[in-house]
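Hey, can you work out the whole structure from these sequences and the hints?
Residue numbers (our numbering), protein chains in the order written: chain C, 93 to 472; chain S, 769 to 926; chain U, 2 to 376.
Just so you know, nobody snuck in bad clues.
Under 7 Å between C-beta atoms, here's a sample of chain U residues computed to sit facing chain C:
{"hint": "1", "residue": "I73"}
{"hint": "2", "residue": "Q74"}
{"hint": "3", "residue": "C75"}
{"hint": "4", "residue": "K170"}
{"hint": "5", "residue": "W336"}
{"hint": "6", "residue": "V339"}
{"hint": "7", "residue": "R340"}
{"hint": "8", "residue": "P341"}
{"hint": "9", "residue": "R342"}
{"hint": "10", "residue": "Q345"}
Since the hints were derived computationally from the structure, they do not count as laboratory data.
Beta carbons are placed, not taken as given, at the ideal position from N, Cα and C, and that holds for glycine.
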Amino acid sequence: MSKNILLPGFREPPVDEDFEEFYINMGPQHPSTHGALRLVVRLDGEKIIEVVPHLGYIHRGMEKQAEKLNYIQYIMMSDRQDYLTAIQNNLGVCLALEKGAGIGVPERAEYIRVILAELSRIASHLVFYACFGGDLGGQTVLLYGFKEREMIHDIFEEVTGSRLTTNFFRPGGSNKDIPDTFVPRVKALLKHLEGALSDYDRLLTKNIAAMDRSVGVGVLSKEDAIAYGCSGPVLRASGVSYDVRKNDPYSIYSSLDFNVPVFYNGDCYDRYLIRFQEMYESIKIIKQCIDKIPNGPYRSKEKPIFKLPNGSFYAATETAKGLYGTYVVSTGGNSPYRIHTRSPSFGNLAALNTMAKGQRLSDLVTILATIDPVIPEIDR
Amino acid sequence: MSTEKIKTKEYIKRYLKRCVSGPYSLLCGLSVTLRYFFNPKRIVTEQYPENKKTLKMHNRFRGHVVMVEDENGENLCTACGMCERACPNASINVLATKNIAGKKVLGKYLYHFGSCTQCGLCVEACPFGAIEMGQDFEFADFSPEAFEKVLNKKEGRG
Amino acid sequence: MLPSVTHPIGDFVRENVPNVLGYLPDFIQPYIPSAEIATLINIIICMVAIAVVGIAPVPVLIYMERKVCAHIQCRLGPMRLGPHGVLQLVADIAKLLFKEVYAPKGADKFLFYLAPIFVLTAPFLNLCVIPFDKNLQVADLSVAIPFILAMNGFGILSTLLGGWASNNKYSLISSLRSGAQIISYEISFAMILLLVVMLAGSASLGEITASQSGHFWDWWIFKAPVLGLLAFIMFLVSSTAELNRAPFDIAEAEQELTGGFHTEYNGMAFAMFYLAEYINLFTTSCIATVCFLGGYHAPTIGILAIDNILNFVPGIVWFLGKTFFVVWIYMMFRWTFVRPRVDQLMALEWKFLLPVNLLLLIFGVVFLAFGWILP
Numbered sequence: 093m094s095k096n097i098l099l100p101g102f103r104e105p106p107v108d109e110d111f112e113e114f115y116i117n118m119g120p121q122h123p124s125t126h127g128a129l130r131l132v133v134r135l136d137g138e139k140i141i142e143v144v145p146h147l148g149y150i151h152r153g154m155e156k157q158a159e160k161l162n163y164i165q166y167i168m169m170s171d172r173q174d175y176l177t178a179i180q181n182n183l184g185v186c187l188a189l190e191k192g193a194g195i196g197v198p199e200r201a202e203y204i205r206v207i208l209a210e211l212s213r214i215a216s217h218l219v220f221y222a223c224f225g226g227d228l229g230g231q232t233v234l235l236y237g238f239k240e241r242e243m244i245h246d247i248f249e250e251v252t253g254s255r256l257t258t259n260f261f262r263p264g265g266s267n268k269d270i271p272d273t274f275v276p277r278v279k280a281l282l283k284h285l286e287g288a289l290s291d292y293d294r295l296l297t298k299n300i301a302a303m304d305r306s307v308g309v310g311v312l313s314k315e316d317a318i319a320y321g322c323s324g325p326v327l328r329a330s331g332v333s334y335d336v337r338k339n340d341p342y343s344i345y346s347s348l349d350f351n352v353p354v355f356y357n358g359d360c361y362d363r364y365l366i367r368f369q370e371m372y373e374s375i376k377i378i379k380q381c382i383d384k385i386p387n388g389p390y391r392s393k394e395k396p397i398f399k400l401p402n403g404s405f406y407a408a409t410e411t412a413k414g415l416y417g418t419y420v421v422s423t424g425g426n427s428p429y430r431i432h433t434r435s436p437s438f439g440n441l442a443a444l445n446t447m448a449k450g451q452r453l454s455d456l457v458t459i460l461a462t463i464d465p466v467i468p469e470i471d472r
Numbered sequence: 769m770s771t772e773k774i775k776t777k778e779y780i781k782r783y784l785k786r787c788v789s790g791p792y793s794l795l796c797g798l799s800v801t802l803r804y805f806f807n808p809k810r811i812v813t814e815q816y817p818e819n820k821k822t823l824k825m826h827n828r829f830r831g832h833v834v835m836v837e838d839e840n841g842e843n844l845c846t847a848c849g850m851c852e853r854a855c856p857n858a859s860i861n862v863l864a865t866k867n868i869a870g871k872k873v874l875g876k877y878l879y880h881f882g883s884c885t886q887c888g889l890c891v892e893a894c895p896f897g898a899i900e901m902g903q904d905f906e907f908a909d910f911s912p913e914a915f916e917k918v919l920n921k922k923e924g925r926g
Numbered sequence: 002m003l004p005s006v007t008h009p010i011g012d013f014v015r016e017n018v019p020n021v022l023g024y025l026p027d028f029i030q031p032y033i034p035s036a037e038i039a040t041l042i043n044i045i046i047c048m049v050a051i052a053v054v055g056i057a058p059v060p061v062l063i064y065m066e067r068k069v070c071a072h073i074q075c076r077l078g079p080m081r082l083g084p085h086g087v088l089q090l091v092a093d094i095a096k097l098l099f100k101e102v103y104a105p106k107g108a109d110k111f112l113f114y115l116a117p118i119f120v121l122t123a124p125f126l127n128l129c130v131i132p133f134d135k136n137l138q139v140a141d142l143s144v145a146i147p148f149i150l151a152m153n154g155f156g157i158l159s160t161l162l163g164g165w166a167s168n169n170k171y172s173l174i175s176s177l178r179s180g181a182q183i184i185s186y187e188i189s190f191a192m193i194l195l196l197v198v199m200l201a202g203s204a205s206l207g208e209i210t211a212s213q214s215g216h217f218w219d220w221w222i223f224k225a226p227v228l229g230l231l232a233f234i235m236f237l238v239s240s241t242a243e244l245n246r247a248p249f250d251i252a253e254a255e256q257e258l259t260g261g262f263h264t265e266y267n268g269m270a271f272a273m274f275y276l277a278e279y280i281n282l283f284t285t286s287c288i289a290t291v292c293f294l295g296g297y298h299a300p301t302i303g304i305l306a307i308d309n310i311l312n313f314v315p316g317i318v319w320f321l322g323k324t325f326f327v328v329w330i331y332m333m334f335r336w337t338f339v340r341p342r343v344d345q346l347m348a349l350e351w352k353f354l355l356p357v358n359l360l361l362l363i364f365g366v367v368f369l370a371f372g373w374i375l376p
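Okay, here's the thing in structure tokens:
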């Protein structure tokens, strides 16, 4: 292999020893890497010795562009980071902007935000379910996951105008009000989802092949999870009970009644179970909010040009992947000096090497599916 | 995989349990797919080019930018340039001219659809409601010139 | 001489070829081997028939696979070409015909091009011994079951060759995995067939079918009370692995190995592998039908009026109906289950299927000895 892929720490393969190590490149185009991720895997037969992810294939310079755009335009950029839960990214940026400008948000807008954010969480976990089953070999599971997601997309299109890149929330509320058909559609969707999720549970959760492939595979200990900066389901599967919605609540989460599932084994099966249960919890949250949307304004009074005072502001939200933080540095004016996004998938992916050491090549695919990274969020 | 020694009795018990639970879980999975197979009401796809006549997008769908025109082709644009400033991608160029009375009016409204991100910020920024997002979504073309559109037909009012 | 089934066409050729050859001039009459020429013509007819019977179900099977897959996944499948997409395969074959076939740099060219040729020989040979109807069988070997097992072993050769000869790490890994898988599952496959041979008393497929004549409860799946059903399920599992079909398709696990041993093949070479997979599927379903589901016998109930109607339908229609039912079961397995890992696959065979099959053999002996087979 050429010298430029051997990072310090990789042992140079000796030519005279009787060795069977070889390198495999799961390149940026591969049916199962979640996005443009290149993994260089060092194998001994079928056992993995080391995995090195190479990132940057989808770097678009978002943080550099943010220095020229104004804040409202950056909200549009943020939905292209974790495109599976675009509306939660919008929410993260808006929270930071509201903190900076000291704007409050009316009740109606809070309820709309929570409902849409939880719908988006369900959508992202459905993609996880589809990719998990699809990576294990069941193509049917792939299609079943996306089937339900289509209905959520339909609702998003009706409310925001676009299925994926929503660009809906603004500092102080949202862009437009929800249409009249929103509440009945969400209620119909919830009813349908409960039936569908129980079917999907029967299909995959206790399936002996799926369990054999994920129980005990890719174990991440509690100390490693905290050390690598993992968050979200990856962290909670290793026994650390940290959820931004419970520990540092934002919006109206402190007044809602929901559980945060925590498991203690840290293997792939736990990560799968957590996300499945989170879907049920999100349905519970939406049910609590959908009937109680108050009347009133959907956006607090907006100034024609949105400016932030001098200073730096940070807000964290819990997206489907983990802790999404937005750090805004402003020197006055309507354009930031610097915006940095703390993406959850970066920390989760950093733990890949620890999880994959000693496992087999097929397990690498399972582990990557349960980490559920979204590479554009890492590369920005 | 655990490497500690397991007692024989424990191994046999686990083996027999798997002999029963394994096929049962597989049968559960089969029952789900059988139910979906025999139930044609669950088909969720549409036959796309054949159903174009009845296909309708939602009202708020963000297709591409169009100019609002009444029956005579008059638009509401005053060439203020707010949309050009609001666009994050510089996809809009508002070229103003002077009309006969010497007032600044809209000459050409250049819209570079190739770089438009369909975000709708221009529509939000327009104080006169002169532009809106269209409902079309089939834009494939063979030449790049098709993506440089001129949206207005007549000069705007002042 | 080759063993052959008495068949009207064969007899017709054997009688009339000497008559036709008798019209030739007299001075070469002593030198014409007319019996041998008749046999040669019979052989050519059999080869053409087997080629047709092998290839004709493939479009139906491929269409069926796509439609079954689509209906499980709540969609419609091919709908555009022809009414409900029946001509989709024509378009696919035309596309494959026009693609360039080339070997990658560094590949062993001779072995690379040899592999797709080998892969088609085994299923066609298997088709020669299967009785489609009472006298629709090319060769009624008395050692048909060991012949089938030998042909299955022949089929693995092309997978190994193809994967090794492409200069590609993924193909190498997948072909070695497939080799290990197939030689392991051949054991289970052989044991189930051995059970059937033991119950039926003969290794010839014609006689196995004859031992199931009668009503539908005389089929081996019902005749031995619980044993038959268990044996049928074990047969389905081990033959799915033999066919390299999901959920045991680690050889071409797309999510991990992007195509497996046929990654580097395109055009007609890929079409050969594709075709061979479906012909193998059809052949294995035929074997399952013959061994367990009564072959070409109609499912008569015992009531004379209905039996007359059922027997009126020719045997080959029943045979094909049962075969396509078994094919449908294979397809449901493929699109429902997820794939086990390689070592779990091997553990399934050596730790679960092999002991269970040995137990089934023992039970078969017990059933025969005590006469618990239904009369």
